[in-house]
Amino acid sequence: MARTLIHAPKTAARGEVIEIRTLIAHPMETGYRAGPEGRLLPRDILRRFTCRYDGEVVFAADLHPAVAANPYLAFRTVATATGTLTFTWEGDNGFVQTESQAITVT
Amino acid sequence: MVQWPPRPPAVVRQVEDVVAFLRTLRRAAIAMTAHRPDRRTLLRCAALPCLAALPCLAALPCLARAAPLAAAPKDLQAAVRRFAGGAPVREGKVTIDVAPLVENGNTVPIAVSVESPMTATEHVSAIAVFNEKNPERNVVVFHFTPRSGRAAVATRIRLAASQKLVAIARLSDGSHWSAGVDVVVTLAGCLEGS
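The listed protein sequences derive, respectively, from chains A and B. Going by the working numbering, the first residue of the first sequence is number 1, and it counts up by one from there. Going by the working numbering, the first residue of the second sequence is number 1001, and it counts up by one from there.
Please keep in mind that the hints were generated in silico from the structure rather than gathered at the bench. Remember, predicted model here, so these are calculated numbers, not experimental data. Using N, Cα and C, we set each Cβ at its ideal position, and we do this for glycine too.
Cβ-Cβ distance ranges computed for the label pairs, FRET-style:
1. Asp54/A with Asp1075/B: 39 to 45 Å
2. Asp1097/B with His7/A: 16 to 22 Å
3. Pro36/A with Asp1075/B: 27 to 33 Å
4. Arg43/A with Leu1101/B: 28 to 34 Å
5. Leu23/A with Gln1014/B: 39 to 45 Å
Put together the whole structure using the sequences plus the hints.
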């Protein structure tokens, strides 16, 4: 399991646009870099990030090797109802990680 | 770190170079026609450097930071066309926020945003970022829905060299908008070994 950091407000007003910042520990090995023995290191990157709000996709991103290591993403969503935010990272070599956080909307 | 005296901006330096070049030419011409040059020779000496300076002056506007898509190299334009599905891409609406001079190409903070009401009928559906000189043209593609609230994202990317970045926004009405920016990178990312 990779370490993740998720900054999302715990509470929000209905209809408010909230900012969510996520970070995940991942090398994002590009596949263009040589290792210590001079051979190219195989690519190992995260391909896709998805943020769901009560199961509905509100934001997604396709990542390519040009995204820096430990991918950081800051985006926004509308606080519609009290529920759960789910964050999913998918990548090479079957990498899948899901984190979630509750949000209370008043 | 503050440098003193401050380096003048590139445009000023180029103008100074041109002026210095003109002076040397003129001095050489006068030296050649040393003793009492007649009026015609003098005029000719003055005209020559003026003509030589014309192409230099014409090149000056290229130093501006904004980078139109039309000036982009072929493969970058091809990547943009693939994303737009052949639809015309117009300039505007998109804002790229990135430092003009980047010290470390391994992590370059970049923010992209598009002004949009983000309603069901009128919203931004995707923003793609492309680059000019990395091994791959694609950098990242963001997907939005009306529930995204605002089409504004920030992330960190790698840049292998000083180059142009292009962001293309796809709107719900099918139109595509672009913005370009030139970034100078002092320490290249991606390419050096571990």
